[in-house]
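Chains as they are written, first to last, in my numbering: chain A, 1 to 252; chain B, 1 to 252.
Just so you know, the hints here were simulated from the structure itself, not pulled from any lab data. Every clue listed holds true.
Any copy, or any two copies together, can satisfy a pair, since identical chains are not distinguished.
Distance condition first, Cα-Cα at most 30 Å in a straight line; then the derived BS3-like pairs of lysine-lysine:
1. K243 to K67
2. K129 to K236
3. K132 to K243
4. K67 to K48
5. K236 to K132
6. K172 to K243
7. K243 to K129
8. K129 to K48
9. K129 to K51
10. K236 to K172
There are 2 protein chains.
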Amino acid sequence: MIERNAQDLDCNTDTTQVEAALYLFPVPLSDTSSLADVLPSGNSRLLKGIKHFIVENVRSARRFLKKADPSIDINTLSFAVLDEHTSPEDVAPMLAPLSEGHPIGVISEAGCPAVADPGADAVAVAQRKGFKVVPLVGPSSILMALMASGFNGQSFAFSGYLPIDSGKRSSKLREMEQRIRRERQTQIFIETPYRNNRLIEELSHTLPGNLLLCVASDITGTRQNISTRYISQWAKGGYDYSKTPTIFLLFS
Amino acid sequence: MIERNAQDLDCNTDTTQVEAALYLFPVPLSDTSSLADVLPSGNSRLLKGIKHFIVENVRSARRFLKKADPSIDINTLSFAVLDEHTSPEDVAPMLAPLSEGHPIGVISEAGCPAVADPGADAVAVAQRKGFKVVPLVGPSSILMALMASGFNGQSFAFSGYLPIDSGKRSSKLREMEQRIRRERQTQIFIETPYRNNRLIEELSHTLPGNLLLCVASDITGTRQNISTRYISQWAKGGYDYSKTPTIFLLFS
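Go ahead and model the full structure; you've got the sequences and the hints to work with.
Spelled out as structure tokens, the structure:
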């Protein structure tokens, strides 16, 4: 009987003993990309040792976990949802497993948790309570767009979405132009895909022709296209980014 | 004889045929990290099909290539050096292999090429000439520090090193504080390791106690430590980051 237990324990040793910490797991940006192309294999090994997850969307997190480790038994895992509807007071209780010595994984819908997504709230609570936080390597559309733009990587700013209100929007664009000229700071922002074409058109009309615009589309996907051109060149049209997640970068 | 050649060709098919493009290969941030923990295996597969490299430092690039693919024959590869001493007019000729249909890899000393490093110049030329640029996934200390800080990932700026001149330095710090308050923009910057402790001391004396400072040190290394505390807590001392590469982040 004792021997049998010992054997069972032996079998379980490939479920790695993972130190209690908040692990931030990036996920692929594109459905079409192979995990081996966008994530270190170490991430999947680490996942095997974690039972508690804070996720932006349960369905996509389950799909990712199954892809990362086909042998995983999803039913033994616990999922807490942290999305834009979660109220701040509900975040701290999600970290309870950490207090009991269990590791927690954070998984977003796409890309790196806590960058332009709700995971940051869980990290903030973990930091406040003195828990260890471990970021893992994976695809970030912002960083990969910056790498491939040819723009200044010594100074850059990411601003999320431009304001919708037209007055605020044009003053934001003026401010970005100033920061490019005065601080040599690359300006990075995003738009919802169905508005991408309209945004490029708008930038073509609003900004000086000698500014450079990089349009970085479907990063790591099959239709990946990262093009840096002068505003005056974009003004000529001949593009269609209406269906792909896209990052925009400005510089001179 | 013909058969023999055919066999030779067969043997060479595991040297993948890689499309002509400028590939940006991240490298580990720390000597102690295993490649499987910080790089997708797809990157190494891609490396096998590339003969021409633009590198920040030949010695460290060779070491990385040997680690990524122990079977690699370094002597069959060509290396062009692109570092802070390279003059701008010497960059374009480095892309000659691309015009002849051969892929080129860009390799920095640590982290992601073209982010806070000279590779950006090669990317800018490639974009200007209309060559395809492909960023690959790997560790970025800036992005990983941001993920683990718990700070705003919807709006952030990286400023490189703070100015040395004390007047410019304190006006830069004031400006960062304003951008935190007005724009909710996370402020990210770096310092040379031997000055890290002095910088934290300086920030403790200069900035309001209720600002948050995240110190992200030795990311992916054995001494990795990412701690977010109030300035008033850092002011009490009890830290030593004098020997590890460290990223600093401010937020409120």
